[in-house]
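Knowing the structure of chain A, use the given hints to seat chain B on it.
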Amino acid sequence: MFNFHKDHKSLVIFSFLGFLILSLGIAVFPAYQSQNDTAPLPQVEPMNQAEIRGLAIFIEEGCVACHTQQVRSIEMDKTWGSRPSIPSDYYYSKQRMGTWRQSPSILGSERTGPDLTNIGMRQPSEQWHLLHLYNPRIVVSESIMPSYPWMFEEKANPDEGEKVLPVPAEYRKKGREIVPTQDALNLVAYLQSLKQAPLNNLPPEFIPSTNKKLDETTASTEGQGKSLLPDGKNLYMTHCSACHQAEGIGLPGAFPSLVRSPIVNDEDPELLIRIILQGYDARANFAQMPGFASQLSDEEIAAIANHERSSWGNNAPEVSTEDITNIREFVIKEQAL
Amino acid sequence: MILNRFILLLLLINSLGFMAQGADSSDTDNWWLSPGVVGTLVLVALILIIAILIVIARLNGYINRMNEKRRLKQRHDIIDELANLNQGEIDSILERRKQALEYKLTGTELGSDSKVADHKGLIQQVSNEPDNPIVDEKKYAAELLETPPALKKLIIFYLGAAVCWLIFGTLVGQYLGMKFIWPELDSISWLSFGRLRPVHTNAVFWGWASLAMFGLGYFVVARTSNTKVYSYRWGWYALVLINLAVLIGTLCLMGGINNGGAEYREYIWPVMTLFGLGLVINFLNYYKTIAHRKIAEIYVSNWYILGAMVWTMVLVIIGYLPFYQNGLGETVIQGYYMHQGVGMWFMTFTLGLIYYYLPSALNKPIYSYSLGVLAFWTQMLFYTMIGTHHFVFSPLPWWLQTVAIVFSAGMFIPVVAGTTNFLMTMKGSFHQISKSYVLPFFIVGVAFYFVGSTQGSFQAFRFTNYIWHFTDFNVAHSHMTMYGIITFFLWACIYAILPRITGKEPSQIWVGAHFWLAFIGLFAYMISLMAGGTLKGLSWVAGLPFIESVIMMKQYWVSRAIGGSLMFVSHLLFAYNFYLMVKPKSSIKSQVTSQSDFKDSKTHVQFS
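Protein sequences, first through last, are from chains A and B. At the far end of the first sequence sits residue 337, using this note's numbering, and the numbering has no gaps. At the far end of the second sequence sits residue 1608, using this note's numbering, and the numbering has no gaps.
Please note that a few of the clues may not be correct.
[As the list claims (entries may be wrong)] Pairwise CB distance ranges, derived in the manner of DEER restraints: (1) Val1373/B x Trp150/A: 51 to 57 Å; (2) Gln49/A x Ile1317/B: 41 to 47 Å; (3) Gly175/A x Trp1032/B: 38 to 44 Å; (4) Pro1270/B x Ser294/A: 45 to 51 Å; (5) Ser1370/B x Asn36/A: 41 to 47 Å; (6) Asn157/A x Tyr1237/B: 55 to 61 Å; (7) Lys173/A x Leu1538/B: 39 to 45 Å; (8) Pro230/A x Val1373/B: 56 to 62 Å; (9) Ile1188/B x Gln49/A: 25 to 31 Å; (10) Leu1185/B x Ala282/A: 37 to 43 Å.
[Stated by the list, open to error] Calculated cross-link-like contacts (lysine-lysine; reagent style BS3-like; alpha-carbon spacing at most 25 Å): (11) Lys1288/B x Lys6/A; (12) Lys173/A x Lys1179/B; (13) Lys1554/B x Lys1179/B; (14) Lys1364/B x Lys6/A; (15) Lys9/A x Lys1228/B.
[What the hints assert, rightly or not] Incomplete in silico selection of chain B near chain A, CB under 10 Å: (16) Lys1138; (17) Cys1164; (18) Glu1184; (19) Phe1193; (20) Gly1260; (21) Asp1472; (22) Phe1523; (23) Val1558; (24) Ser1559.
FYI, nobody ran anything at the bench for these hints, they're computed from the structure. From the three backbone atoms N, C-alpha and C, an ideal C-beta is built for every residue, glycine too.
Chain A on its own, in the form it takes in the complex:
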C-alpha cells in the first residue's frame, strides 16, 4: 500500500491528502474562522455607493501594487495611524465584489507609495486628491506615482456647476479646463473615507523599535526646554508639505503660501496654532485644511510652527511647548461650551 516507489496511485493519493490536510489546517480553517468571528466596530458606518464604486476603481487600477492599508504593530508604523490595524477595520471594505471578483486584497505587500489606512484623516481635501490624481507632480514634485488623466475630461467651456480643477498652466493644454469624471470623484470619495476608527477601550499597542528610543521618549516628557523639541523640518515634510510644498509656496488656487504669510509671521502665534490644531476652511478660494490636534503632540506642533516661522524668509519669534498646551486647553474649553 505505502510503497511509493512502485505504486503511483498511493503516491498521488498520499501527497494529495497530506497537502490537503495541511492546507485546511494552515489556511482554510483560520480563514473561515477569521471571516466569521469578526464584527464591524460599532462606531463605523457601512460604505456608501460612491465609496464602494471608488474601491472598485482602486482595485481596477491596481493601486494596491504600491499602497498598503495596514498599520503594523511596530513603532515605525505610527506614521500611518494612531493604533495598529485590527481585523474589524476591514469588515466593510473586504467583501466579495460580485460574481466575477473576490474580496479586494487591500492589505498590500509593498509601500512604494504611502500607506493609505488613514489617508482620509491625513488629507481630507477633495481638491488635493483630485489634483494629485490628475498629475501627482502638481502637488508632490518628487512623486513617481502615475497620473490618471483618463479619469478627467478636458473642456474648453465647462458648464456652470461643474468642478473645474485649479491645474497649473504647464500641466494642461492652453484654453482647456480640467473637469473630473464621476470615476475620479468616486475614487476620491473612497480615499476620503479611509479613516482609522478610534478604539476607546485599550487599543492594541505598538512594539517600540529600540530600548534606547523608549528611554528617550520618557526623558523628553520629563525634561524641559527647546533643545528637546523634535525635528520641525521632518515633521513639516511629513504632515504639511503635500499641500504647502517643501518651500512653503503652496499652490495658487488650491493651497495658500506660507512665505511672508501674515498669519505665520504674526508676533502672536495664536491664530497659526489654532489653525494647525483645528484646521481651516474659511477661505472659499482655497481647499479645506484638516486639524492636527489628534495627530500631533504639543512638542511636534511647536517644532512645526517654529520651522514655518523661521524658514523661507519668514522671521517671527519662537513659540514654546507651553504656548501650544495653553492654546490646546483653551480650544478644548471653547468646544465644550
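Chain B alone, transformed into the frame defined by chain A:
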C-alpha cells in the same frame, strides 16, 4: 568546496542559535549584526564567489595561452644570443648543421603517401581557429536521443510559446522598471503601472515558467517511464488552453478587470479556469503515462512532477473558492496562495526536472535517491506552512505568523538536502565547466537555489522583516528566486535537451553572452534593490518623511533598470539560440574548408 560548505553549515547553526534572540532584541542601531542580515550578506557573497570561480576557470585557459607566448619570446631571446656568438663557436655549430643537412630521409618515416582519413570516427570536429583568444570551443551535445517526432514537436511548441511569453513578460517588466525613473513615460490607461505590474508577473509565471516546465516535463515523464506519452492530443489541448488563459488574462488586466489585486491571483476565475483545465489535462496525461511505465520504480523526478501538479490543483481551488474569503480570511488565503504558488508549483516541478536533466547532462546517476525523497516530503510539510510570513506584524493571528516563521527556518532541511544532492552529483565534473555551455546554468541555478531559499528563510525572521518588509528588498528576493533559481534551471534544461532531440546546436558564443548578460544583469538588479531596500527600511525606522525614501531610491531604481535591460537583452539572445536549436530546415554548413585553407592553418582536432 566541502570546506566551503562546512563553514556555511557552521554559520547556519550559529544563526539559528541567535534566532530567538534576534526576534526579541530588535535594536535597529546594530541592524547589520542581526542574524538575518548577516546571513543574507554571506549568501550574496557566496553567489559572487561562485561567479568568480567560473571566471577563474575561464581565465585559467587564457593565462595558459599567454604563458605559451612568453615561452615563444624566450626562444627569440636565445636566437639573439646566438647572433652574438664568436667565430670559433659559430664554426663548430655550422659544422654540425652541415652534417645534419646532409642527412637524407628514406621517404617513408612518417607513413605512406595516402590521404588523411578517420577510419574509426574519432574526429568530432575540425577547426581552423584553435587559438581563439577569448572563449574556448565547447563540447557539442552528446549523442542524439531518439525521440518520437510527435513528442519532439509537442515539446518544441511548448517551449516556443514559453519563449514568446518570456520576451513579452520581461519587456513589460523592463518598461515598468523604467516607469520608476520616468513616471510620465505614457499616460495611457492600458499601460499604467498598476495594471501592467500583474501583466508582467502573470505572463512570466503562467506563460513562461509554467509552459516551459510542462514542455520539459513531457520529455522527462515519457523517458523515465520508458514508454510513450499517453496522448499527444491532450498535450496540445492543454497547450492551447494555457496560452488562451495567459492571453485573455493579460488583456483583462490591461483593461482593468482583475480578481481583487491579490498577487498572482489577479486573473479572474473564468480565466484561471482555463489554466486549471490545462493543468488537469496535463496531469492526467502525465499520470497515465507514468501508470503505463515499463519499469517497476517511479523515478524521483516523477514524484516531484506529479506532486507539484496535484498540489497546484488543490492550491488553485482553495485560492479561488469564495466561502472563507471575506474580511481577513482573504488575507490568510493570500499568504498561503502566493507562497505555495511559488513553492509547490514552480519550485517543486523544477526540482523534478533537475533530478532528471542534471544527471542526464553529466551522464551519471543522481548522488542520492533517498535524499531526493526526503526533500520531497519535507518540501510538502514545511513549505505549506509558511505563507503567513508575508504578513508578519499584520492584524493576522499572531500564532499563524509564528508558525510561518518557525517553518520558514525548517525550510533549511529540504533546501540543504536538495543542494547537497545536486552538488554531490556534480562533484568530479566541475572541470567540465570550461568545456560545457550547459553546466554554468546548472551551477548558477543550484547556487541560487541554496542562496535564494535560505535568504528567504532569513527574511522571514521578525527582525529582518522589520527592516525589509514593504521595501524593494522583496522585489529583489522574488527575482533572486523566480529568476535565479527557476529561470536559470529552465534554461539549463532547455540547452541540455533540445540539441539532443533536434540535433541542432545553438551558437556557442551567443549562449555564453546569454549566460553572462542574464547573470550580471540579475546580480546588478538584486544588489541595487537589496541595498536600496535596506536604506529605505532604515529611513522609515528613523521616522524620516516618506518622500525622502522615494528620492533616495532613485539611483537604485536606475541601476535596477540597467540590470533589467541586460536581463532583457539576454532573453533576445536566448530566443535566437532557441530558434537555432529548432529551426526546421537544416542548412548544411560545410565544416570542412578548402584544401588550401587546411595547409595554411594549424588544424585543431578534438577527440571525444
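Going through the hints against the structure:
1. Val1373/B x Trp150/A: 51 to 57 Å: holds, 55 Å
2. Gln49/A x Ile1317/B: 41 to 47 Å: violated, 33 Å
3. Gly175/A x Trp1032/B: 38 to 44 Å: Given a distance of about 57 Å, which is not inside 38 to 44 Å, the answer is violated.
4. Pro1270/B x Ser294/A: 45 to 51 Å: With a Cβ separation near 46 Å, Pro1270/B and Ser294/A satisfy 45 to 51 Å, so the hint holds.
5. Ser1370/B x Asn36/A: 41 to 47 Å: holds, 44 Å
6. Asn157/A x Tyr1237/B: 55 to 61 Å: The hint (55 to 61 Å, Cβ to Cβ) holds, given that Asn157/A and Tyr1237/B are roughly 58 Å apart.
7. Lys173/A x Leu1538/B: 39 to 45 Å: Holds - the Cβ-Cβ distance for Lys173/A and Leu1538/B, about 43 Å, lies within 39 to 45 Å.
8. Pro230/A x Val1373/B: 56 to 62 Å: About 59 Å separates the Cβ atoms of Pro230/A and Val1373/B, which means 56 to 62 Å holds.
9. Ile1188/B x Gln49/A: 25 to 31 Å: Holds - the Cβ-Cβ distance for Ile1188/B and Gln49/A, about 29 Å, lies within 25 to 31 Å.
10. Leu1185/B x Ala282/A: 37 to 43 Å: holds, 41 Å
11. Lys1288/B x Lys6/A: holds, 14 Å
12. Lys173/A x Lys1179/B: holds, 23 Å
13. Lys1554/B x Lys1179/B: holds, 11 Å
14. Lys1364/B x Lys6/A: holds, 23 Å
15. Lys9/A x Lys1228/B: Since the Cα atoms of Lys9/A and Lys1228/B sit roughly 19 Å apart, the hinted pair holds (cutoff 25 Å).
16. Lys1138: Check failed: Cβ of Lys1138/B comes no nearer than 37 Å to chain A, outside 10 Å.
17. Cys1164: violated, 24 Å
18. Glu1184: With a closest approach of 7 Å, the Glu1184/B hint holds.
19. Phe1193: holds, 5 Å
20. Gly1260: holds, 4 Å
21. Asp1472: With a closest approach of 8 Å, the Asp1472/B hint holds.
22. Phe1523: The hint is violated - Phe1523/B has no Cβ within 10 Å of chain A, the shortest such distance being about 22 Å.
23. Val1558: violated, 12 Å
24. Ser1559: violated, 16 Å
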